[in-house]
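Peer 1: One-letter residues, chain by chain:
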Amino acid sequence: MTSKKFLFVSTRAPWQQGHAAACADALMTHAVFEQETWLFLTGDGVLQLLDKQDGSAIGQKTMAKLFPALEVYGVREVLVDMESLESRGLVEADLMMKVTIAGKDRMKALIHECDQVLVF
Amino acid sequence: MSSFCLIIQGAPSSSASLSALNFAKAVIGSGHQIHRLFFFQDGVLNACANIVAPQDELHLPKAWQQLIRSNALDAVVCATSALKRGIVDKTESDRYELGGSTMLEGFTLSGLGQLVEAGLEADRVINFAP
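Listed in order, the protein sequences are those of chains A and B. So in the numbering used here, spot 35 of the first sequence is number 35, and the numbers just go up one at a time. Quick note, the numbering used here runs 1000 ahead of the 1-based positions in the second sequence.
None of these hints come from the bench; they were simulated from the model. Check each hint, because a few of them may be wrong.
As the list claims (entries may be wrong) - Facing chain A, from chain B, some residues (calculated, C-beta under 10 Å):
(1) G1029
(2) I1126
(3) N1127
Quick reminder that beta carbons are idealized off the backbone N, C-alpha and C, glycines included.
Full structure from sequences and hints, please.
Peer 2: Dropping the structure here:
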């Protein structure tokens, strides 16, 4: 199968109309089909990586459990927008796992580098 | 000429679906190509056969169906999203012993693999989300 570079930009909070889960589903499917994939969390999307989430309190699945598995799926890198973290009073230690904290320049470079950019 | 894949994530009641429809018409009208329409999440409701729109309002599912028919477009409805929202074709209706197809003709149930394929073939994938 031919391969392209896909950047997934996830911009919504974890349980906001299922957008975050839809992005994760699409991301993992592309990775399973051996495409080169990156995930960039920006805006309220950075909240998806907050540590100690528990969806059971509102009768929902905890989608954050997916994140540690993304590397196994072959996702190249998970990046978090530095400005979005800072504007929400968050620091790296608030996140559930080690990710790349990146600025707008890195995002611009990734958008330029990837063949397709899917914004959720 | 460029080819596009459109992801439609908005229900017929959302401006996302209307924007996607207008964009699709503009793509075709400009001599470009729609490689695939991919109806995802609440967007699968655009394939619902049971929607009745008020007479003075645009009937988006029928508008989509007309665009799909007149341009022989490939219109894929995400099966997982569809089943969760009561959109089934005859095969799925029989499988789950439901009351018959609730999906408009012209749309096809399939999986996210079709989105991957579209991303490989099309020049651009554009997501219309509410």
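Peer 1: Tell me the numbers of any earlier hints that the structure contravenes, in ascending order.
Peer 2: Of the numbered hints, just 1 does not hold.
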